[in-house]
Amino acid sequence: MTPVGLQPLLSLFLLFVAAKIGEEVFERLRQPGLIGQIVAGFLIGPGLMHWVQPSATLDFMAEVGVIFLLFETGLKTQPEEMTEHGFVSVGVGFFGVITPLALGWAFAASIGENAVTARFVGTLLVATSIGITAKILTDFGALNTTFGRVILGAAVLDDILGLLALSMLTSFSSTQSHWLNLLLTVVFVALFFVVVLFLRRQAFPHLRPRLGKLRTAAPQWTFALIILLGFSAMSAYIGLAAIIGSFLAGLFVSESEEIAPALRAKAEAVSSFVVPFFLANIGLKLSPSALTRPHDLELIAALTLIAIVTKLFACGIAALPLGRRSALLVGLGMIPRGEVGIVVANESLRIPAIPNAYYSIGIAMAVLTSLIGPLLLRLVLRPERPLAEAEAVKPAAG
Numbered sequence: 429m430t431p432v433g434l435q436p437l438l439s440l441f442l443l444f445v446a447a448k449i450g451e452e453v454f455e456r457l458r459q460p461g462l463i464g465q466i467v468a469g470f471l472i473g474p475g476l477m478h479w480v481q482p483s484a485t486l487d488f489m490a491e492v493g494v495i496f497l498l499f500e501t502g503l504k505t506q507p508e509e510m511t512e513h514g515f516v517s518v519g520v521g522f523f524g525v526i527t528p529l530a531l532g533w534a535f536a537a538s539i540g541e542n543a544v545t546a547r548f549v550g551t552l553l554v555a556t557s558i559g560i561t562a563k564i565l566t567d568f569g570a571l572n573t574t575f576g577r578v579i580l581g582a583a584v585l586d587d588i589l590g591l592l593a594l595s596m597l598t599s600f601s602s603t604q605s606h607w608l609n610l611l612l613t614v615v616f617v618a619l620f621f622v623v624v625l626f627l628r629r630q631a632f633p634h635l636r637p638r639l640g641k642l643r644t645a646a647p648q649w650t651f652a653l654i655i656l657l658g659f660s661a662m663s664a665y666i667g668l669a670a671i672i673g674s675f676l677a678g679l680f681v682s683e684s685e686e687i688a689p690a691l692r693a694k695a696e697a698v699s700s701f702v703v704p705f706f707l708a709n710i711g712l713k714l715s716p717s718a719l720t721r722p723h724d725l726e727l728i729a730a731l732t733l734i735a736i737v738t739k740l741f742a743c744g745i746a747a748l749p750l751g752r753r754s755a756l757l758v759g760l761g762m763i764p765r766g767e768v769g770i771v772v773a774n775e776s777l778r779i780p781a782i783p784n785a786y787y788s789i790g791i792a793m794a795v796l797t798s799l800i801g802p803l804l805l806r807l808v809l810r811p812e813r814p815l816a817e818a819e820a821v822k823p824a825a826g
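Each position in the sequence shown, counted from 1, maps to that position plus 428 in our numbering.
Just so you know, the hints here were simulated from the structure itself, not pulled from any lab data.
Please note that the accuracy of each hint is not assured.
No more than 25 angstroms apart at the CA atoms, straight line, and that leaves these computed lysine to aspartate or glutamate pairs for DMTMM-like [said to hold, decoys possible]:
1. Lys694 - Glu491
2. Lys504 - Glu541
3. Lys694 - Glu541
4. Lys563 - Glu455
5. Lys504 - Asp567
6. Lys694 - Glu452
7. Lys694 - Asp487
8. Lys694 - Asp567
9. Lys448 - Glu696
10. Lys563 - Glu686
11. Lys504 - Glu726
12. Lys563 - Glu452
13. Lys504 - Asp724
14. Lys641 - Asp567
15. Lys694 - Asp724
16. Lys563 - Asp487
17. Lys504 - Glu491
18. Lys563 - Glu696
19. Lys448 - Asp487
20. Lys448 - Asp567
All values reported here derive from a predicted model rather than from experimental measurement.
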């Protein structure tokens with residue numbers, strides 16, 4: 429067995445420490461910590477200080493990190509939230525996917541990009557960051573308000589449809605029988621989701637009590653890891669992104685309110701170690717030239733504007749039954765692309781037909797929406813704090 433050399437260990441050490449420092453700094457500035465980790469990777473990488481270079485070791489750790497990131501996202505996802513406020517949540521989620529997907533696709537096609545790149549741009553604009561918006565709503569005591577629950581429910585639907593769109597993108601770009609394979613991918617992924625949701629409600633509750641009788645250490649966590657690795661491998665085997673399987677694995681084991689909190693705690697502990705490698709590695713690969721060329725800066729500005737406007741208006745209009753003020757809050761809450769947008773941008777590196785510049789452009793868009801969305805939401809929520817707190821108390825009073 430070949431011992432691990434000094435350079436890989438030193439790179440892991442420097443990247444992890446820098447990522448954690450970046451996260452701490454941004455959290456203290458009341459900004460998303462994930463952005464701090466990306467910035468840290470950029471600062472110590474080839475883009476600036478040259479302390480750490482991209483390597484196979486870092487790429488492997490980043491792969492593990494993104495798998496756990498999506499697993500944790502699935503663990504925190506409750507499909508029941510989509511129906512809690514009926515047609516409003518579903519409407520917000522649906523139009524929050526279709527509108528940016530269509531306009532992003534049309535914009536890229538209008539400037540002469542190839543068909544795969546146009547679909548990638550549309551897919552890039554779809555998802556909403558549950559974590560970033562939920563943190564702001566929690567800070568203002570608005571998580572359990574009507575508009576807060578609608579945002580969370582719609583964001584769940586956005587993430588599911590966004591991952592479905594990503595599956596179609598990767599499948600479409602890697603085959604010659606485009607439309608037939610695209611149709612088969614849609615059908616298969618839809619069946620994958622349906623089967624997982626069915627087993628989640630029907631099979632897992634019967635299996636759960638048996639896990640506690642096993643003598644292996646942490647049997648429930650061991651089972652969750654088996655499901656995670658199995659679903660991820662299955663997704664990769666059939667030609668989908670492994671992150672689709674990891675998200676579904678988290679969704680599968682999130683059913684039980686008895687063990688889900690413990691699983692979330694363990695997943696967060698592991699993620700706090702491996703996810704920084706994914707995010708910092710993103711920054712490590714950012715191209716300074718792609719962030720300074722006038723044409724690329726114009727694309728970043730255009731995509732960020734489209735990302736903000738499509739979510740604000742499409743989701744806001746769909747939420748009008750809640751009232752104009754709540755509709756505005758819903759639209760603003762759906763703006764951040766956050767971790768899922770970053771994951772989609774990262775997938776562009778696997779698709780040869782997409783120009784390399786779109787990796788940095790996509791990351792920049794995800795970062796900017798994750799900064800601008802929360803800022804606007806805080807500005808509108810600040811005078812709403814007493815109202816939000818009063819509304820959150822109503823269910824308890826009833």
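Right, here's what the structure says about each hint:
1. Taken as a hint, the lysine 694 and glutamate 491 pair is honoured in the structure, with Cα atoms around 19 angstroms apart against an allowance of 25 angstroms.
2. Between lysine 504 and glutamate 541 the CA atoms are separated by roughly 36 angstroms; this puts the pair beyond 25 angstroms, and the hint is violated.
3. Of the supplied pair hints, the one linking lysine 694 and glutamate 541 is violated, its CA atoms being roughly 43 angstroms apart against a limit of 25 angstroms.
4. Among the hinted pairs, lysine 563 with glutamate 455 is consistent with the structure: their alpha-carbon atoms are about 11 angstroms apart, no more than 25 angstroms.
5. In summary, the hint linking lysine 504 to aspartate 567 is supported, as the alpha carbons are separated by about 18 angstroms, within the 25 angstroms threshold.
6. Distance restraint check for lysine 694 and glutamate 452: the Cα-Cα separation of roughly 21 angstroms lies within the 25 angstroms cut-off, and the hinted pair is therefore satisfied.
7. Taking the CA atoms of lysine 694 and aspartate 487, the gap is about 23 angstroms. The hint holds against a cut of 25 angstroms.
8. Our distance criterion of 25 angstroms between C-alpha atoms is met by lysine 694 and aspartate 567, whose separation comes to about 24 angstroms.
9. A C-alpha spacing of about 15 angstroms is found between lysine 448 and glutamate 696, which places the hinted pair at or below 25 angstroms, so the restraint holds.
10. A hinted pair counts as satisfied when its Cα atoms are at most 25 angstroms apart, and lysine 563 with glutamate 686 qualifies at roughly 23 angstroms.
11. Under the criterion of a C-alpha separation no larger than 25 angstroms, the hint pairing lysine 504 with glutamate 726 is inconsistent with the structure, at around 36 angstroms.
12. Taking the CA atoms of lysine 563 and glutamate 452, the gap is near 15 angstroms; set against the 25 angstroms cutoff, the hint holds.
13. Distance check on the hinted pair: lysine 504 and aspartate 724 sit about 35 angstroms apart at the alpha-carbon level, beyond 25 angstroms; violated.
14. In summary, the hint linking lysine 641 to aspartate 567 is not supported, as the alpha carbons are separated by about 40 angstroms, beyond the 25 angstroms threshold.
15. With a C-alpha separation of about 40 angstroms, the suggested pairing of lysine 694 with aspartate 724 is violated against the 25 angstroms cut-off.
16. About 29 angstroms separates the Cα atoms of lysine 563 and aspartate 487, which puts this hinted pair outside 25 angstroms; it is violated.
17. Simply put, lysine 504 and glutamate 491 have alpha-carbon atoms about 20 angstroms apart, close enough for the 25 angstroms limit, and the pair holds.
18. A distance of roughly 15 angstroms separates the Cα atoms of lysine 563 and glutamate 696; the hinted pair therefore holds under the 25 angstroms criterion.
19. Distance hint between lysine 448 and aspartate 487 is fulfilled; the C-alpha atoms sit about 18 angstroms from each other, no more than 25 angstroms.
20. For the suggested pair lysine 448 and aspartate 567, the alpha carbons sit about 22 angstroms apart, so the restraint of at most 25 angstroms is met.
Violated hints, listed in ascending order, are 2, 3, 11, 13, 14, 15 and 16; each of the other numbered hints is respected by the structure.
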